[in-house]
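Enquirer: In case you want the letters, here they are:
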Amino acid sequence: MSSLYPSQSAGKRIYWLLTIEWSGLVIRLANDQVDVESDTGAVYQFSAGLDDVEVSEAIDLIGDSAGQLSVPLEFIPPGDVSITERIALGDDFSAARGELSRWVEGTNYEERRVVLRGRLTDPEYGADGEPIATSLEEMLIDDQTLVPSPFQLVASASWFTFEDLPSTSKGAPYPTVIGKPGRVSTSISVRNWVTGSPGIWVYHDPTDEGSFYSRLILLIAGHHVRARRVYLNHADDTLGKRFRVVNGWDDLGQPIAFVPFYLTTTSDQQIVYDGTATYTTYNATDPDFSPAGPSYGLGDKTLDYDTWQADPERQLYVGWYDGNDDDSATGGGLMMEGGIVREAGDVIEYLLGLTSQTVDRARIAAAKPLLSRFLLDGVITDRISPWDVLKDEILSLLPVSICSGPNGLYLIVWRFDATAADATVRIDADANPAIDRVDRVKYDDSERANRLSLSYAYSYRTSRHVQTLTFGTAADKVEDDAVVIHPACERGRARTGVVAERSVSSAWVYDDATAYAVLEWMAAAYATSARSVQYRVPESEFVHVERGMVATLTDADLYLSDAVSLVREVVTDGSGYLTLTLWMLDNPQART
Amino acid sequence: MAEVNLTVAADLSALRKQLESIPGLSADAAAKMTSELNKSIKASEKASIAAAKAAKAAAAGAGREAKKALDDASASVDKFGQSAGAVGSSAGKLAGALSLIGPGAGEAARSVADFADVGEVAAVAAEALGVSTAGLIAGLGALAVAVGGAYVAWRAVNEESERAATIAANTAAAYEAMKPILDATRVATIDLAVATGELTALEGQLAKNRMQAGAQFASATKESSDKIQELRKQQGSYITQAVDVVTSLQEQYDWIGLSSWAFDGLTTSSAELQQEIDGLHKNIATTADATKTLVERSEKAILAQEASRKVTKAVSAAQKEQKDTTLALAAAKAREAEAFAAKLRTVEEASLRADQIVKESGDFRMSEMDKLAEREAEAVARYEEAARAGAKLQEEIEAGKTEIARNYAEQRGLILEGELATAASSITELQAQIKTAMAEAAKRLKEIADATINASADLFGSVSDLAAQAAEKQGESHKKAAMTMFVVSKAAALAQAITNTFLAISSANTLPPPANLIAMAAASTAGAAQVAGIAASPPPSFNDTPGVQQMGTRGNVSLAAGDYFAAARDPAELQRQVGAGGGGGVSILQVKLGHRVLDQSVARTIQQGGRLSREINRSNRTRPTGHREA
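Chain order of the listed sequences is D and U. Numbering-wise, the first sequence is residues 340 to 931 according to the numbering used here. Numbering-wise, the second sequence is residues 218 to 847 according to the numbering used here.
To be clear, the hints were calculated from the coordinates, so they are not data collected in a lab. Glycine included, each C-beta is placed from N, C-alpha and C at the ideal position. Careful: at least some of the hints might be erroneous.
Said to hold, decoys possible - Computed beta-carbon distance windows for the label pairs:
| no. | chain 1 | residue 1 | chain 2 | residue 2 | range |
| --- | --- | --- | --- | --- | --- |
| 1 | U | K560 | D | A704 | 51 to 61 Å |
| 2 | U | M583 | D | K781 | 32 to 42 Å |
| 3 | U | A549 | D | P651 | 28 to 38 Å |
Stated by the list, open to error - One-sided and incomplete, this derived list gives chain D residues near chain U with beta-carbon spacing under 7 Å:
| no. | residue |
| --- | --- |
| 4 | I719 |
| 5 | T720 |
| 6 | D721 |
| 7 | I723 |
| 8 | E732 |
As the list claims (entries may be wrong) - Away from chain D, derived, C-beta distances all over 10 Å, residues of chain U:
| no. | residue |
| --- | --- |
| 9 | T542 |
| 10 | S643 |
| 11 | T842 |
Just chain U, with the same shape it has in the complex:
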């Protein structure tokens, strides 16, 4: 028997290169991963060597040594099967992982896994092929050739020893008996690996599938294996040996050829049996290929299914997340809309309230205005009554003047007639009477004027106060309305100031009689005429640009310091504008402004584009003047 040395090796350089090419995976890490694989492969090598030794020992075929060798072989087969399974598992896991980051690396690793899977399948089928055959297949490649030689050697020896055949049969039977235990052990091992996390559930399932495929493979090829055994028995039978001898002799000795047909028809030579065995091996190999392909497809399908499941799960998770997000957004929108609606309600309520306040203040203002207008009308009526009284007094004065003139003429005649002293006394008395009457008239006129001034001041003061009050109310809710009321307030304040400037100044009667009396009477008349003239003139504008306002009426008016006029900025200017300062006498300047006049004044001010108008425009502008709205 020849000595057999076995070496198991796999070219891991390609895998290592692929690993090193993966970004982020260092050369050391790649080396470690391939080293781990190498260890598994070396374990396979040891198992194969043990199997070969067992075969050798079996070939030696002696008593306890043979039994021990068979036991060792059995243990080796089992050990090999585990090793091959470990290799396959490690490489398979590695392949799965590497496929995610590098298809090339995955393929390289997967070829190693295939290598191991074949060994495992072979181990499972050992009962059919014999121990040494398991070692043969486990070695693969060069190993297979070497073990094949060992098998031939074993068979040669076996043919010489019937006992050896019996041992082989017993070994096979022993393995058959062990098989359920081995299967159960492997299943338990896989479950343990899954439970401890060494394998994923999917990997465990795949490993089990592979076991099942191996069993199916064994089952499918059992008939062929049995047949092979049968054929091998026939090869070892004497008849076959005899046929071989005859065949050999036929080739050497031609004379026997005449009767060789009888052997050909009844028996078969060992070579022909070998052909049948080879054919059966081929069937087994084909079945093995088919099984492998089936297993691969099955695993791919499972992996694809798993991937699909993961994708479906991911999609489902994404859909859920999207749904959650959409719901959250919808809820936020709903909250926003609710808040906006609440704001709108608040704004609407505020707007309604503001409108109400504006309306109330407007109504209040107008009602008060009407009341004040009535009071004003009453004041005017009182004034007119006083004016009529003044006119009556004037008539009396005129009558007095006429009487004076008549008396004067009479006195002059009396003087001429020598009664001068008596006449002079009468004249002096008359003058005193007239002077008293004039003083009373002036006093009454002043009272009337004061009453009118007070009434007007009250009027404008009230208007101003009311306007300010209304403006304050409206200002709380409506800026524009407040601006308008501000204008009214301003105008009313101005009007009040005008009213306050009304002064009646009585100049000293410096002229000798009767010229002083005539001058006083003329001054009173002029004063009354001026009141009428100014009251009838167009209302002043409150455009605050001087030059717009012109005060054309002149009169004998002077003003107290601190008062001012709408167009004039100070008393002196007003005094100059109205031509005050010259001559003496009494003069009354009165301007009456009703709310209609104020409204007109404000409207005109805005129409004329004064500063008030510009300020309103400026505050309302949303873009530069001249720029078109986008």
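Okay, chain D solo, but in the shape it has when bound:
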């Protein structure tokens, strides 16, 4: 992002730079004629011709992605370029890409602050010399990537057994298992698990080998997993049993995880039955797990043949729990860098990485520690845009917004628990005469809620949530003893006396602590009214300010002294001033 700091920009002029790349042509424009030197010594000439630009970088609300930023532009191309002629020859100007940035005179080109990169849309042009009107639009929503890939499904190319498979398996996408879907506390299920994902038969030809059945393979993930054991069940045996998990490859060499017919084998064949090898399918005291309990292979003969093995249409379900009392270092699905992907920052980074968008991994890495308390467990079993999963399932759970920066997509974490010590922006209207309040302080009650519920622990088999956590007031607890009394809810209710409910359900939360964390930030964000106020500040001093930053606000007119706020919007209009919209926090520690 920007490397501009107040010390660099103080007293210097700041320019808009627009770089357009179009069919091998590079057009450089600025709001004044200027030469910009790069680190390599090259000098880029920017022609005057760019009309004034105004950009508002804002996010409507938390728990969402930023809207698609679109900046209207009007410019006159340099005299040596005839855009009209090129279009007449067949080039399409709507295919052009552009970059808009702020540059402080005296700094190198690489130090500019890129405001927006995207495509130029809705162009309007005329004869040479007439201005061209268009919009520079980021491409966030244009992502059409679908996961898993078209090859990661049960097909004749990926499975030699395809012809004999049931219709429920044919064409089924490989599940993507993130975290430990189904792993719950004993307060939800005494077994410590509910069903979190489906299993897919990829080899179903049960053959009696005397002491066991061979040729039974159940695919449970389209990638390698950390789990070595999982629990399976079905509609007629909901208690379920523990089975071995093997990481292997399908016929296309794609990594998969599956439950085989054996528990142990001397063969190096993972899927195909080896008549010369020795197999076991049951161990009453599986020694690798504590407390030791029975583990099975799918071909074990003590299983009820009719319900477990005979019917290829029988849907088996997976609970991602390995039976360990302490499974903090075992079990789970997708792995990244040696550990499972489960913390919210990791999950978002993984899903963003599946899109065609550039991801600003450095900024995401910086945001990850703030999201480490949220553990997400879920499964993707359909071919779908990862962006849709993020929007519908993930972002609504977290105090984050996804934004598109010059280096790619990144996260903004809204810190509702921030204190003055966390502030990186200091706005003092008393001390700095260049800072002016633009308007009055406003209340916004549109999103208020003082009784918050989260339904979680989604059972894949029954398609319903097993547990609901509710934060509310003492009055709520009288009606429902399960309600957790929260101070923010009490405060919000006491002010208005109105019961305002907000219910969220998620198929990506199974962990109790995460459920509490989700409602905790929601209570901080929504329980009391939001107040916002706008200040106009000199761009040269506040050029580093970005959305989501923690700020302190001092303004004697409002009786505020170092009041903790969040920067919600930054408007750059080229006037030398920025307009900041501040969201004033209402938690006790934010008061001074």
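Given chain D, put chain U in place with the hints provided.
Expert: Leaving out everything else, chain U in the frame of chain D:
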């Protein structure tokens, strides 16, 4: 004659044990049941003893004593027969009952019943065997041996007394005469027992069958019995006695042997007669066995038939019940199907009605839209006419300016020529004229603008009202359609709000002439240009996430408090966005939104995945995003 003591006893311990082994049957109950049987058996014993005494008395053979003894014997036989029948009946009932709960107990009880049945049969056959023989058979076992001794004694005495034989014959004849009465009495007794419920119909039938079997047995063995009597007579005859003597002498004295062949050929000894009698007894016994077997088989067949009948009845009842159940289920299904069909009809009708309402409201909306579009076109035409008038005025102003400049130059020349005062007066007059013309032009422009604003406000107000009306209609039947209309309504409301923000503010003419005139003219021109510029710009999106919307056109506009702009959240923001606040002059900001523009805006909003799009998706979701449909 030897004294005979009779005892009748049956070993009931086995039966009692079997009874006690039956779950739920206490030892006391078992004891009571066996005790009841024992009583019956004791009654048999008494009857046997009476019979023996009668035999003894008969053997004594004296006048009235003999007759009384025979009467007593007859009564005893009858009494025994009843007792034996009671034993058989009780034991038989018990056996039937016990067989249901314990085959062992049933068998044990049934052996007692057999025991009694034999006694009854024997009693029925008494006329053939003689009173004492009835007592013999009734006693069975040890009793039979004892009575057998009594019979031998009786026979010995009888041989000595022809009268005794006569008495026996008379006794038999008397019994024969009594037999129909006894049979009738027994049949009546059985019928009474059946009528009172002591016996079931089946048990009564079985008892009658046994009686019939006894009669058949008597009939079948009558010839043998008669023969036995005949043979016994022969045994008592003098010839036989003589043969016996001769035979005895033959054995003792060898010399007679030469002539013994003559006796052998003509007569038969009592021993040989006895052999024949024994043979006949054996036949009777065989017949008795055969009869017993027949009776048993017959009873088993009847019982099996009865059991079969019960089973058939039970099956028939079950089938009826099943049939009733099936009919009831079928009726319930039929009612359910009928109710479902009724619901379907209701739903279909509601759906059709909803579609009709949606269509009507859509048609209504579109027709009104077209009308409003026409009104809008008229307003635009009026506006354009006003604009042309404004342009004409502008031309006049320009001409006036030129005239002013020319006059000014002229006046300047006149001043130079010493005619300054006159010229200044002319200039002032001209300035006043121009100012008046400008004021009129501004006034007309404002009127035109107001008219346009009012027309637009009416337009969007109507659109909003219509949309809300349509949404309300559709909301009753079609949620999705209502959602769409809500969007239209929202967009229309926003557009109306935009229209309401159009303000024309005339700033004070603070500049000295002629600069003020030039500035005013420039402001008017800029205002007209801005109207055109904004109207031509792409329609605003109603994606409610700021940042999407950018207002790039700037102008000298300020806003009244309370108004707002689509992308801006308040007047100040709009003012800032459009660059208002600097300089004076008149500026008009106008945005025109037709229904096509609104449709595009809504489509784009949904396409861009704004909150509206997400809310629609969320309400339509049936499963978590990313989960495959099962």
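Enquirer: Hints first: check each against the structure and report whether it holds.
Expert: Now for the hints, and whether the structure bears them out:
In this structure the hint that K560 (chain U) and A704 (chain D) lie 51 to 61 Å apart at CB holds, the actual value being about 58 Å. Between M583 (chain U) and K781 (chain D) the Cβ separation comes to about 39 Å, which falls inside the hinted range of 32 to 42 Å. Remark: the range hint 28 to 38 Å for A549 (chain U) to P651 (chain D) is upheld by a beta-carbon distance near 36 Å. About 4 Å separates the beta-carbon of I719 (chain D) from the nearest beta-carbon of chain U, less than 7 Å, and the hint is met.
Because the beta carbon of T720 (chain D) sits about 4 Å from the nearest beta carbon in chain U, less than 7 Å, this interface hint is met. The beta carbon of D721 (chain D) is positioned within 7 Å of a beta carbon in chain U (closest approach about 4 Å), and the interface hint is therefore held. Interface restraint check: I723 (chain D) against chain U, minimum CB-CB distance 5 Å, threshold 7 Å, status holds. Hint on E732 (chain D) holds. Least Cβ distance to chain U is approximately 5 Å, under the 7 Å limit.
Once the 10 Å rule is applied to beta carbons, T542 (chain U) is consistent with being away from chain D; the minimum gap is 28 Å. Annotated as non-interface, S643 (chain U) keeps its C-beta farther than 10 Å from every C-beta of chain D; the closest such distance is 44 Å. A cut-off of 10 Å between C-beta atoms contradicts the statement that T842 (chain U) is not in contact with chain D; the least separation is 4 Å.
In summary, the structure is inconsistent with hint 11 from the numbered list given earlier, while agreeing with all the others.
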